[in-house]
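Protein chains in written order, with our numbering: chain A, 1 to 543; chain B, 1001 to 1218.
Some hints could be false.
[What the hints assert, rightly or not] What follows is a set of in silico ranges between Cβ atoms, one per label pair, in the way DEER data are often shown: (1) B:His1185 to A:Asp366: 21 to 29 Å; (2) B:Gln1180 to A:Lys44: 36 to 44 Å; (3) A:Ser419 to B:His1185: 16 to 24 Å; (4) B:Thr1093 to A:Asn242: 14 to 22 Å; (5) B:Cys1193 to A:Lys461: 24 to 32 Å; (6) A:Thr423 to B:Asn1192: 36 to 44 Å; (7) A:Gly453 to B:Lys1130: 54 to 62 Å; (8) B:His1185 to A:Gly485: 23 to 31 Å; (9) A:Phe185 to B:Asn1192: 55 to 63 Å; (10) A:Ser324 to B:Lys1130: 26 to 34 Å.
[What the hints assert, rightly or not] The calculated DSSO-like cross-link candidates involving lysine-lysine, where the alpha carbons are at most 30 Å apart (straight line), are: (11) B:Lys1119 to A:Lys62; (12) A:Lys62 to B:Lys1196; (13) B:Lys1038 to A:Lys62.
[Said to hold, decoys possible] Facing chain A, from chain B, some residues (calculated, C-beta under 8 Å): (14) Asn1023; (15) Ile1025; (16) Asp1168; (17) Asp1195.
Hint data in this document are derived by calculation from the structure and do not stem from the laboratory.
Note that CB positions come from ideal geometry on N, CA and C, so glycine has one too.
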Amino acid sequence: MKKHLLIALENSNSLLMAAKTAQHIIKKYPRDTIELLTFESLKKVAQTINGIQQIHTIDCQKINQTIDGQYYSDMHALNTFISPLSPLLEVSWEQVINCDASKVSASLTSVFVTKDQCKFVGSRMGRKGNRISADLWSMIGSTLRDIMNCQYISSTDILHQSFRTTPSEECNYINLNEDLTSRAFQMLQKIRSANPSNCRLIGVPLFNAHQDNTFTFERVIETIGSILDDAELFPIILTSTNDRDRVFARQVSKEFANSLLMLEVDSKSLPASLVNLDAIIGGTSHALALADILGTPLLRICSDTSSMLNLSPSSNNQLSIITSQSTASATIASDIHTSIKHLLGDSPALDSISLSSALYTFKKDDFGTYAYQVAGRDQQQFNLQYHMMRSFISLYSNRPIAIEKSIDFANVELNVLTSWAQTERNAITLASRDLLGTLRSLLRTQKDRRFIGEFIQSLDKLFKHGDEKNIASLCCNFFRARIDGIEEANYEANIQLMEKALYQLKDDLQAAIGMIKNIEDFAQEQSKQTRVQAIHQRLRPTL
Amino acid sequence: MKDSTSHLQIKTSKSGHLIPVINQIFLHSEYDPIREAKKFADDHESLIFKNSHLIVYGLGFGYHLVELIDRLIKVHGMSAKITVVEPYEDLVTAFQENSFPFSKLISIYCTKDINQLFKQADFIEAISSKPPILKHPQSYMLSKDFFDQIGNYQTPQDLKTTRIYLKDFSVRRELGHYSQQSNLHQIFRENNCHDKWIDHLIAAFGEVAYQHEQGEMN
């Protein structure tokens, strides 16, 4: 029986990541034990994760009080920091898994790896304070998370690939408190029995709602109003024990003459309430992330595609609606209402969704979960780019997916595809030009160290391509991650590894060109077939 | 630490209570230490009402402490707490030998060395919450210089002095690799080469202590 240590210190989202990770470990190594290291402030949430044998916590509040204290030496704060770590440093771990992108987690992962030479997953810090990724998937994970605003594959997919477990929809990551779940069930059952038999309970979580720029107060009011107008839907406000949340929820309730049903939930009772609701809607909050892994149908209200993709959906049973800031609240509320009905399987007319919103659903393939547009304003350009970048990552990691299954090429206009291919090619050409420049200056540096400055400038120019959002930028970011991981102590060895990485980048850019050409050929062929089919259909009545 | 210059005698008051005398100074009333203790507590009634934790300079034979803790418990229940500082070890020994019944809510710290006093983490924890300080008049008069140093104490931060505070011996040993004149903050800021596990540990600690803002539940 081996031991695995999960480190999740960033926030409650890193705990949800830890919950998913634990599930993958259990699946692959059912007899092994899993322990978790987190902050004291997150302990209550951590206790809801299933499969964790022991939770160790670092008390940040106490450390910060000690640091500020007049009589304390920082050494006392170090004592507080070390005390939960000391017993962990004596254990021989099978692997240490860093579940977030924070520096403190990466540094602590390094403590274990350097001390015991154990395996690690995720990222750790190197000798020069550089970030080192455990494997290709960790590299993709931390690169996408750190450098790019937009994630083209979800962290759940990264987990699937890291642990070599198949994508699935299991919802037993969270430890449900039986007593609380049954109480929530009974309470909600009473509401169901007081309403028509086909009435569905829709949860509207208002956690940190005062900070939500997407699901604003006006939009919340309009949305709840539209739910109330539908006899088949019943809204339930979920609020926390936090004072600000309470005030916000009361203000919302006041708009409806205090007639709304409000549930005050904490981290222990939230999962119990979520599993008993028919659906949940809201902006980005931990309640939605939790509902996702519990399998409760959900509708996320996002401001843009980046925020939709950053949420790492794991279940199919959800929709994301992307709204624009300027759209009237009533229009958004109507779109949300149609989306809820679609989520609940009521088959509403999706073409009633306004052109200021875009509705996405999620599907699964061998690679993991992906977003797929079902209604709303035309997002062909984004959809194409998203699927191509995802396809490139699959190609890159040698786990190919059938791109034509994830995007409907018949509906992509040929000129959109041609324009995309041209833009991508131009970006690759520019990156290739800077790559050759960097290679030249590297060769010069090998002969004469005085050219090192010129080489660094060229390298910097090459890295800048990583700031864009295209396939070339992916190649450049992966290149950067490889460069960051170089740890050789001597100059010559470093230069050799740099050269190797540059040649690999060259190969990656060429592979990208090959992929773009394949897609173009495929689309051309499909377009030809579609035209032939259209001609056949036109001719059929005359035959 | 035993003080060779001090001379402790134990005498009996007119009311029949034992009273310590150091260098001819009576630490309690020669007539009735209990009545004196009640008056001492009366004088600090408002502080007792507002605070569940008090620091008292001077142990004597504890008559004033018994009175104070009784009143604190009445107001604050079992969260009441008294931290006592007493420089005379002989006095503490004599007090314990005479086995006075004493509340567990009273903690006594005995040392004449101010640095030793501030090496004790629980004492620092007690004093850092800034509870009111009550000076037992006779004890304070006897050791005024010592007690005054407590308030003005400047905590050392250099590794050489503070490394011994660490409870984990492997970390304490590994910290020996750094310059002993520097402090943890400097090491965190200036150490760019992370060859050993201790370097990573300090980096992680620095992120939490000097930079990290606690993750919020979103």
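Consistency of the hints with the structure:
no. : hint                              : in the structure
1   : B:His1185 to A:Asp366: 21 to 29 Å : violated, 50 Å
2   : B:Gln1180 to A:Lys44: 36 to 44 Å  : holds, 41 Å
3   : A:Ser419 to B:His1185: 16 to 24 Å : violated, 54 Å
4   : B:Thr1093 to A:Asn242: 14 to 22 Å : violated, 53 Å
5   : B:Cys1193 to A:Lys461: 24 to 32 Å : holds, 28 Å
6   : A:Thr423 to B:Asn1192: 36 to 44 Å : holds, 40 Å
7   : A:Gly453 to B:Lys1130: 54 to 62 Å : holds, 55 Å
8   : B:His1185 to A:Gly485: 23 to 31 Å : holds, 29 Å
9   : A:Phe185 to B:Asn1192: 55 to 63 Å : holds, 57 Å
10  : A:Ser324 to B:Lys1130: 26 to 34 Å : violated, 53 Å
11  : B:Lys1119 to A:Lys62              : holds, 18 Å
12  : A:Lys62 to B:Lys1196              : holds, 27 Å
13  : B:Lys1038 to A:Lys62              : violated, 37 Å
14  : Asn1023                           : violated, 30 Å
15  : Ile1025                           : violated, 29 Å
16  : Asp1168                           : holds, 5 Å
17  : Asp1195                           : holds, 6 Å
Violated hints, listed in ascending order, are 1, 3, 4, 10, 13, 14 and 15; each of the other numbered hints is respected by the structure.
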